[in-house]
Amino acid sequence: MAKHKDIIYGLYNDEEDLLRAVKQAKADHLEIMDVYTPFPIHGLDPILGLSESRLHIAGFIYGSIGTLTAFLGMSWIFTKDWPQIYGGKPHWPVPAFIPITFELTVLFAAIGMVVTFYVVNGLGPGVVNPTIDLRITDDKFCICFDKSEVDASAVESFLRSSGAAEINSKTI
Amino acid sequence: MSHYVSDIREPLIRGHKSYHDITEDLVSPTEKTPGFGWIVGFIISLSLLGFGLFCIAWTVWHGIGTWNLNRTIGWGWDITNFVWWIGIGHAGTLISAILLLFRQKWRTGVNRAAEAMTIFAVICAALFPGIHVGRAWVVFYFFPYPNTRGPLWPNFNSPLLWDLFAISTYFTVSLLFWYTGLVPDFATVRDRATGLRRKIYNFLSFGWTGSAKHWQRWESLSLILAGIATPLVLSVHTIVSFDFATSIIPGWHTTIFPPYFVAGAIFSGFAMVLTLMIITRKLLHLEDYITIAHVESMNKVILVTGTIVGVAYLTELFIAWYSGYVYEQFAFFNRAAGPYWWSYFGMMFCNVVSPQFFWKRSWRRNIAFTFFLSIVINIGMWFERFVIIATTLARDYLPSSWSYYSPSWVEMGIFAGTIGLFFTLYLLFTRVAPVVAIAEVKSILKSAGDQYTGPNKIHHGHDHGSESHGHEDHSVHSTDHDNDSHS
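Protein sequences, first through last, are from chains A and B.
At position 73 of the first sequence the residue is numbered 73 (my numbering), and the sequence of numbers has no breaks.
At position 102 of the second sequence the residue is numbered 102 (my numbering), and the sequence of numbers has no breaks.
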């Protein structure tokens with residue numbers, strides 16, 4: 001991280017406490033920096049106001065590129081670059097292209113989406129992200145606030161009233 | 001979110017586990033020194049792999065003549081093993097992708113290991129086409145790339161080339177899917193580790209943080225990968241069956257091959273998953289996560305797919321008779337009564353008769369019996385591929401070309417080597433990664449843990465035991481935190 005951030009965060013013991021707390025924070029108009037959980041919590045995205053992921057749109061585009069690459073590539077090779085007769089079949093045997101076209105559609109979509117996933121998340125080999133709390137990947141559910149964006153004392157009283165098991169501050 | 005779950009549903013996580021218990025139980029096998037059983041298994045696997053590598057080197061050095069293939073029988077154990085291994089791989093994708101789409105919660109207990117199995121099985125399978133072409137050093141000619149030979153391209157009409165694309169794609173997509181699932185769990189391992197181990201797992205976990213947006217995208221990615229892996233897995237064995245079905249050999253030239261191969265693949269794959277998981281749950285003490293309910297679910301899949309395979313065998317026989325085509329009729333008569341009759345009856349017994357035992361609930365839920373039957377099915381499905389390949393080729397159109405085939409020591413050695421390779425990779429995997437998907441198991445705890453559902457359910461509000469666990473373990477970590485904590 002180039003820029004250090006002062007954060008204040010609360011750790012909850014259960015995802016249902018976390019969901020209630022996020023709802024309350026939204027009602028109190030507290031600007032949540034991020035929520036960290038050990039596993040995906042269903043129902044959290046709408047409360048947190050996260051818009052739907054657009055990864056599937058990217059996947060469709062990558063898949064289409066794969067379809068075109070395979071189909072046009074094979075068509076060019078068999079009709080323009082080196083036309084040959086195989087077993088008396090026509091130069092442009094469209095049904096025979098279906099399997100490879102399908103496979104490359106899947107391949108391009110999968111590779112493209114996975115790469116996009118890591119790039120937009122800022123994750124990848126060698127990336128070191130600041131650790132907020134080691135137990136977030138174990139059994140703690142964390143709501144994190146950036147001290148420069150919120151009133152720290154209001155946040156602290158909110159965290160305490162919403163049932164956070166621990167409240168900590170640190171610089172990341 | 002604890003939505004309503006019927007009490008009839010069996011709990012999938014036993015032992016009243018808290019989230020921390022799940023982490024502890026599933027990560028600890030990677031943190032301990034390996035047990036005696038692991039070391040013995042690893043030495044045996046590595047020895048088999050070593051012998052297999054020697055046999056491959058022998059083949060490449062002396063040529064395919066070291067195998068007992070002949071003018072009539074051009075495909076023997078090599079392609080039998082190839083189809084067998086590819087089939088085994090299919091169960092992993094079925095569990096991780098198709099069962100994800102169907103929202104089957106029991107997949108979380110076995111998906112990680114099953115997907116690992118897929119990847120290792122595909123590696124074993126891909127070995128065979130690579131070496132059976134003879135000149136393994138120019139095997140890259142398979143791939144279409146601009147070259148100085150014309151450029152001369154491969155034949156895109158050929159099912160063998162489709163197969164190359166199918167298997168490369170299958171391997172790549174399985175690997176990406178598997179690794180994406182592993183990233184959050186590697187982060188869990190990382191956050192318990194120190195020193196060099198922490199650095200290694202930080203690298204492997206790609207800097208995963210557990211942010212809500214990342215989880216949202218992660219779920220979206222998993223779902224779409226599952227959505228595209230589902231037709232992919234069906235296409236792979238379909239295309240493998242095209243290797244046979246598009247030929248004009250009686251016994252191969254049948255339209256039933258694609259669905260029958262796919263069902264057989266899932267059938268054999270589940271048998272291999274059971275073989276592995278029954279050993280794994282015992283050695284790593286994962287009985288609370290891979291329960292009898294999981295075993296029973298898999299046995300049901302075996303029963304269904306085994307029955308489909310049985311129906312396919314009988315349909316083939318019927319159609320051979322009904323077609324009125326003498327060559328087809330002979331091919332099937334020859335399978336049952338020809339020189340390879342023993343493999344045909346082995347196949348029939350292992351694949352058609354043996355899964356029918358699973359109609360009985362108590363046998364479906366018997367671990368020892370399931371383990372025994374899973375081995376029987378693995379053998380049966382190997383026989384199936386051998387029957388299709390060898391018996392058909394041994395008796396072709398010209399009686400003067402009829403011959404017999406049995407493998408040379410080199411072919412048997414290479415097969416043993418792939419088994420060694422498979423288990424070497426699997427055993428290494430159990431040391432490096434959590435064999436059960438930690439985050440996914442945690443996400444079903446509230447609906448499938450035995451304190452929330454089933455006969456041992458506790459009626460309580462918010463006490464999930466997480467307060468009472470793990471404070472000793474965390475005392476080391478808490479030095480990292482600023483100390484203005486409240487509770």
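What the hints contain is simulated information worked out from the structure, not anything from laboratory work.
Remember, predicted model here, so these are calculated numbers, not experimental data.
One should not assume that every hint holds.
[Unchecked claim] Capping the alpha-carbon separation at 27 Å, the derived lysine-lysine pairs in DSSO-like fashion look like this:
hint, chain 1, residue 1, chain 2, residue 2
1, B, Lys199, A, Lys170
2, B, Lys213, A, Lys26
3, B, Lys446, A, Lys3
4, A, Lys23, B, Lys213
5, B, Lys199, A, Lys5
6, A, Lys147, B, Lys213
7, B, Lys199, A, Lys3
8, B, Lys300, B, Lys105
9, A, Lys5, B, Lys213
10, A, Lys26, B, Lys199
11, B, Lys446, A, Lys170
12, A, Lys3, A, Lys170
13, B, Lys446, A, Lys23
27 Å Cα cutoff - pair Lys446 of chain B, Lys170 of chain A:
With a Cα-Cα distance of about 32 Å, the restraint between Lys446 of chain B and Lys170 of chain A is violated, given a limit of 27 Å.
Proposed proximity, Lys105 of chain B with Lys300 of chain B (alpha carbon, max 27 Å)
Judged against 27 Å, a Cα distance of about 15 Å means the pair holds.
Lys23 of chain A paired with Lys213 of chain B [C-alpha distance capped at 27 Å]
17 Å, holds
Straight-line alpha-carbon gap Lys199 of chain B to Lys5 of chain A, limit 27 Å
Answer holds: Lys199 of chain B to Lys5 of chain A is near 23 Å, not above 27 Å.
Take the C-alpha atoms of Lys5 of chain A and Lys213 of chain B, compute the straight-line distance between them, and say whether it is at most 27 Å.
19 Å, holds
Hint consistency between Lys199 of chain B and Lys170 of chain A [alpha-carbon to alpha-carbon, up to 27 Å]
22 Å, holds
Is the straight-line distance between the alpha-carbon of Lys446 of chain B and that of Lys3 of chain A 27 Å or less?
With a Cα-Cα distance of about 39 Å, the restraint between Lys446 of chain B and Lys3 of chain A is violated, given a limit of 27 Å.
Taking only the CA atoms, is the gap from Lys3 of chain A to Lys170 of chain A under or equal to 27 Å?
Holds, at about 14 Å.
When you check the alpha-carbon spacing of Lys213 of chain B and Lys26 of chain A, does it fall within 27 Å?
17 Å, holds
27 Å Cα cutoff - pair Lys199 of chain B, Lys3 of chain A:
Holds: Lys199 of chain B and Lys3 of chain A sit about 22 Å apart, inside 27 Å.
Between the alpha carbons of Lys147 of chain A and Lys213 of chain B, is the straight-line distance 27 Å or under?
20 Å, holds
Take the C-alpha atoms of Lys26 of chain A and Lys199 of chain B, compute the straight-line distance between them, and say whether it is at most 27 Å.
Status violated; Cα separation ~37 Å.
When each numbered hint is compared with the structure, violations occur for hints 3, 10 and 11.
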